[in-house]
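Build the full structure now, drawing on both the sequences and the hints.
Chain order of the listed sequences is W and R.
In this text, residue positions in the first sequence follow the numbering used here: the first is 1, and each later residue adds one.
In this text, residue positions in the second sequence follow the numbering used here: the first is 1, and each later residue adds one.
In short, the hints are calculated from the structure, not lab data.
Do not rely on the hints blindly, as some may be mistaken.
[As the list claims (entries may be wrong)] For each label pair, taking beta carbons as the anchor points, the in silico distance ranges come out as:
1. W:R18 with R:Q15: 41 to 49 Å
2. R:T177 with W:R27: 30 to 38 Å
3. W:P155 with R:D96: 21 to 29 Å
4. R:T140 with W:V93: 30 to 38 Å
[Stated by the list, open to error] If you only want the chain W side, here are some residues facing chain R, beta carbon under 8 Å, derived:
5. G28
6. A112
7. M115
8. R116
9. G167
10. M168
11. R171
12. P176
13. A182
14. R193
Model, not experiment: these values are computed from the prediction.
All C-beta atoms, glycine included, are put in the ideal place defined by N, C-alpha and C.
Protein chains: 2
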Amino acid sequence: MRKLDPEKHEARRQQILRAATACFARRGFHQTRTAEICVEAGMSPGNLFHYFDSKEAIIEALVEEERHEAAQIFEQLRQADDLLQALLDLVDVAFDALADRSEARLAVEIGAEAMRNPRIAVMFERSDAETKAALIGVLTTAVARGQIDPTLDLPSTAGWLIALFDGMISRAAIDPTFDAAAQAPMLRLLIARFLRPQPAARP
Amino acid sequence: MRKLDPEKHEARRQQILRAATACFARRGFHQTRTAEICVEAGMSPGNLFHYFDSKEAIIEALVEEERHEAAQIFEQLRQADDLLQALLDLVDVAFDALADRSEARLAVEIGAEAMRNPRIAVMFERSDAETKAALIGVLTTAVARGQIDPTLDLPSTAGWLIALFDGMISRAAIDPTFDAAAQAPMLRLLIARFLRPQPAARP
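In C-alpha cells, the structure reads:
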C-alpha cells in the first residue's frame, strides 16, 4: 500500500476544495458534476474519490473549514482588551474575505443547500450555533468590562450581528454594484451606534 | 377560440405561482420538475403552459410580484409624517411576511439563481435597484425633515438596511431557531440607534 505524505495529502485536499469552490460558485451545487471539479483541480476522478467520496463530502469539508476559521477568529477576538473595537475591526477582516466573490457565492450556495439537504443542514446548524455562542460570550465579557451597552438582549443582539454578516455576504455574492471598501465605514458606524454604552438620556 | 375571463385567468396564475413557491422552497429551483408544480397546483401540464412557458417564466413572475409589493410598501411609506417611525414599523411588516417560511426560502432560492442565470439576474438587479432608489428617496426626505441623522451617507445607509433585510430573510429561511417575533425589538433598536439624529457630543 502507498504510504501517504501528510503534507502532500493536505495540499491535494486543498486543491480539490479550491476547485470545488470555484465550480460551485460558478454553476451551483446541483449543476456541478464531479467531473468538472476534477478538470478544475487537474486530477483524475479516481484520484479525487481517494479524498472525497461524494459532492456532499466536499461541501461538508468546506463547511468544516469555515467552522474552523470562525473558531480561530473568535480565539483571536477574545485576546483583545477593547472588545467593541475588536468587533469593529472584524468588519475589515470580513471585507477582506469577501474580496474573493467566489467565497461569498459559495456561502450563499451552502445556505441554500442547507435548506433542503439534512446532512448539510446538521453541519451548518452546528457551525452556526457555535458562532452564535462564541459571539454571545464575547458580548457578555464586553458588558462586564463596560465596553458595550448592558441593557442589550445579548442572544438577540448576536443574532442580528450574524444576520447583518449574512446580508453582507449575500450582497457581495449577488449585487454587482456592491463595493465592500466603500461600504465599510457605514457598517462600522451602524455596529458602534448599536452596541456602545448609551448616554443615560437616550436608553 | 376560448374567451378568457380576466379574473379567472388571474386566479389561475396565482394558483400556479403559489404552487411553484411551495415546490421551489421545498426542493430548490433546479430540482423541481414542472410536473411537480402541476401536481401541487392541481392542473395539467397543458393548462400550466398556457400561463407560463417555462420554469424561468414562473420565477420571473415571482420576482415581478415581489417588485410590485415593494413598490406598494414604499408608496405607503412615503405618506407617513414620521419616516423613521414608519421605517421601524416596516420591521413588523417584514416579520409578518416571513411568518410563511416558504416565502423566505423562495427569496434565498431566487438570490442563488440570480448568481448564475443572466435572465433572472437582470430582473433581480432591476428590482433591487428600484428598492434602493426608493429607500434613498425616503431617507433623503427624512433628513430634510430632521427625522434622521443628516451626517449619514445615504446610499451606503440604504445598502446596509437592505443587507440587514437580506440577512433577516436568510435567517428566517435557514435557521430553525430563528423566532421573528422575539427578535423584532432588538432590530427596531438597532435601526433606531443607527438612523436617529445623534446628540452633538457623539457624532
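Going through the hints against the structure:
1. W:R18 with R:Q15: 41 to 49 Å: Distance hint for W:R18, R:Q15 holds at roughly 45 Å.
2. R:T177 with W:R27: 30 to 38 Å: holds, 31 Å
3. W:P155 with R:D96: 21 to 29 Å: holds, 22 Å
4. R:T140 with W:V93: 30 to 38 Å: holds, 32 Å
5. G28: This interface hint holds because 6 Å falls under the 8 Å limit.
6. A112: holds, 4 Å
7. M115: holds, 6 Å
8. R116: holds, 6 Å
9. G167: Interface hint status for W:G167: holds (3 Å vs cutoff 8 Å).
10. M168: This hint holds: W:M168 lies near chain R, its Cβ roughly 6 Å from the closest one there, short of 8 Å.
11. R171: holds, 5 Å
12. P176: At about 7 Å, which falls below the 8 Å cut-off, the nearest Cβ of chain R leaves the hint on W:P176 intact, so it holds.
13. A182: Holds: closest Cβ of chain R sits about 7 Å from W:A182, inside 8 Å.
14. R193: holds, 5 Å
Going down the numbered hints, you'll see the structure goes against none, and every one checks out.
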